[in-house]
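Protein chains: 2
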Amino acid sequence: MRVEIVAVGTELLLGQIPDTNSQWLGEHLAANGIASHFHQHVGDNHERIVLAFRTALARSDAVIVCGGLGPTQDDITRAALAEVMNVPLERHDDIVVSIRKMFGSRGRPMPDNNLLQADVPRGASIITQTRGTAPGLICPVGQKVVYAVPGVPHEMTDMFERAILPDLLARERAGGRTSVITSRVLRTWGASESALAEAVGERFDALTDDSRVTIAFLASGIEGIKIRITARGDNAGHAAALLEEEERLVRRLINDKLGDIIFGVDDETMENAIATRLLKRGLTLAVAESLTGGIIASRLVGIAGASKWFQGGVVSYASQVKFDLLGVPEGTVVSADAAKAMAQGVRRVLGSDVGLSVTGVAGPEEQDGQPVGTVFVGIALGDAVEEVALRLPGDRPRIRSYSAISALDALRRALDRLP
Amino acid sequence: MRVEIVAVGTELLLGQIPDTNSQWLGEHLAANGIASHFHQHVGDNHERIVLAFRTALARSDAVIVCGGLGPTQDDITRAALAEVMNVPLERHDDIVVSIRKMFGSRGRPMPDNNLLQADVPRGASIITQTRGTAPGLICPVGQKVVYAVPGVPHEMTDMFERAILPDLLARERAGGRTSVITSRVLRTWGASESALAEAVGERFDALTDDSRVTIAFLASGIEGIKIRITARGDNAGHAAALLEEEERLVRRLINDKLGDIIFGVDDETMENAIATRLLKRGLTLAVAESLTGGIIASRLVGIAGASKWFQGGVVSYASQVKFDLLGVPEGTVVSADAAKAMAQGVRRVLGSDVGLSVTGVAGPEEQDGQPVGTVFVGIALGDAVEEVALRLPGDRPRIRSYSAISALDALRRALDRLP
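Order-wise, the sequence lines are chains A and B.
For what it's worth, this note's numbering labels the leading residue of the first sequence as 1, then goes sequentially.
For what it's worth, this note's numbering labels the leading residue of the second sequence as 420, then goes sequentially.
Mixed in with the good hints there might be a few duds.
[What the hints assert, rightly or not] Covered, in the sense of this in silico footprint (three residues per stretch, anywhere, with C-beta under 8 Å from a C-beta of chain A), are these stretches of chain B:
no., stretch
1, 493–506
2, 714–727
3, 803–815
[Unchecked claim] Ranges of calculated distance between the beta carbons of each label pair, as one might list FRET restraints:
no., chain 1, residue 1, chain 2, residue 2, range
4, A, Pro419, B, His447, 54 to 64 Å
5, B, Gly724, A, Gly331, 15 to 25 Å
6, B, Lys676, A, Leu283, 30 to 40 Å
7, A, Arg100, B, Glu749, 35 to 45 Å
8, A, Leu115, B, Asp653, 36 to 46 Å
9, B, Ala589, A, Asp256, 33 to 43 Å
10, B, Arg622, A, Arg100, 37 to 47 Å
11, A, Asp267, B, His447, 28 to 38 Å
12, B, His447, A, Gly282, 34 to 44 Å
[As the list claims (entries may be wrong)] Footprint (simulated), chain A over chain B, 3 or more residues, beta carbon under 8 Å:
no., stretch
13, 437–447
14, 456–468
15, 515–529
16, 758–772
Think of the hints as simulated: they come from the structure by calculation, not from any bench.
Here a beta-carbon is modelled for each residue, glycine too, at the ideal position from N, C-alpha and C.
Input sequences plus hints: build the corresponding full structure.
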């Protein structure tokens, strides 16, 4: 199966938004061993959408269309699909009912425009919505198939995982595919891509196109550098065994040369790593943030059940807040001592076991005689307190984000050093 | 002229990197009034690159190819271009000399691989490099043209501005174009896409393909819904006048039917709207966040110079922090009264003029007998305090993000109501 992705929306052609959907789909198709040779973007124009679909169907076996299923006049994917299928659109009353219900649950009347979302090309089947209003569609075209999903990322990913991927894998099995692909991502923070490549280089070079495992690096900005290991086995158990063996090898190479830089696997974030460690030890955390301004706290609160280990935080952006509320001694606020005082202060004020703090210069101007990118992290563990000094590159948003993840990583390592 | 963008690289298909080049090119073509109807991604495979080029040349007048001009075995754009042009590749000695010079200036020997970058399809002209090694190419194909540039963004943008855009505009003038295009985005929060479409529907329906202005809606998640107005004039002044007139009309339609939902234009964010209003009135702000956990504070701190109007915040995630630090009366913490007490409390504790608070249930579990999505916003302006009750849809991340932007929007409206 070769799957082509067609992202619909004039805003993509005009560069008004990035096309994150094609990237996400490309990554997830590859992770499941499904080939994709082409992607297209096309605008909200009937003839051109039809042409894009026909082009895709001529050179690929299946097409995933994202976007153009909304309720407005420029959402015309349904009509273009009907033309390519050579069938009429039919209004489905059950979809009308479920869209009306969705609006009702939000206490709003349904505008008539939304009825368009209940139109389905004859012969297509429905991918039910669980998060929005427009259902997805599975449209047979001869022996090939077009899947249509909304362009809203979380609606798209939900429909892909729930309906499209299972359908694609079933078609691959029906087509004689016997191998099973499985993959895992190791997530690292604190080493450069070239250092990682060097650490794993020997193993990387030993793998050929015929190998059953592959290793790929993926620089992911403030999410660190990911290492994807993919294994192709004769069945699920075989693939899992190959993957496990390869993971053990890669982990050993990295750990030997770069130390403890792997903080999680797959979707595990740095804050998951923190949560796990705090829960295991029965500790609670509070954070004091200056330049990060709440990024750390908001990432921690993103974890369901954070109330078990997270007390809260103080965003001490103004220096006076550092002095008055956190008890930082008056004077320079960009220093290791200020970071330590902030960590101790927030631990005391919010009544937690652990205090984590960040202070520094995000720019664009220098502060307290310190250049942009100067950052201090404070960690108060009980009565002990320690600091980490950082020099971070980039502009204001990058320095703020890198500060947040670096502070969490410093806390992860400090928690691991506890007896 | 219709220009198609073809981005070459297997890493794009695998989702290992985002395709920022197509977005940048799309934006800059549109800003210059040059149409682009299709984009493609294709991997590093000769037959498929040739097919992508032929597909693009069949449906567009010009093609910009990014990537595949490097020195490795994967870089095969030059050979694919030669095949599409039906000409041989010829090595250009002057390019060899300049590549060798580039390496020399960095004190490194030139690997032989780099000789490939001196191969040019017969009949193509060169876009000289000023930043890297691979030159760009301008390849005539009948009456059409393919521009090939490296995938490295700053090399690509340099060649686009220096060589491709002037060539495209010259071709457009030769083809009789006299018009100039300009556009603006209106940013809204608080109305559904369909409600907006209905509000502007009458005007939208009156516009035809021949109209000099176009209107498009763009749902942008927690950034709200954007309305893009584009105008095509005989010259820059004419285009600007058309745009201004259309903007006035659209603003009136929206304001009459949906009220004050436009918070900014183009790149202005909700926090910019807050910053402008606070600065104008000389007020300072502090925020108390429960379920948003620092999202609001971190967005505000994202604005350079926020220290002029932002004091900081308290992330009162644990109820005890609400009681002890913010002075919320013991009892239920998901209520309008708790939100008001939090807003007053943070205003007092951090010493600001304005206090903004959010409390609510992000899920996955209900809390204090309130269902997931129940959110209360508190706004303390001097001694006055008010609340806004919300019911938000979605999962935990969406409820948290929507709470943050809704709270900022409520503050925007409250500041606008001040005498």
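- Message: Please list, smallest to largest, the hint numbers that this structure does not respect.
- Response: Structure breaks hints 1, 6, 9, 10, 12 and 15.
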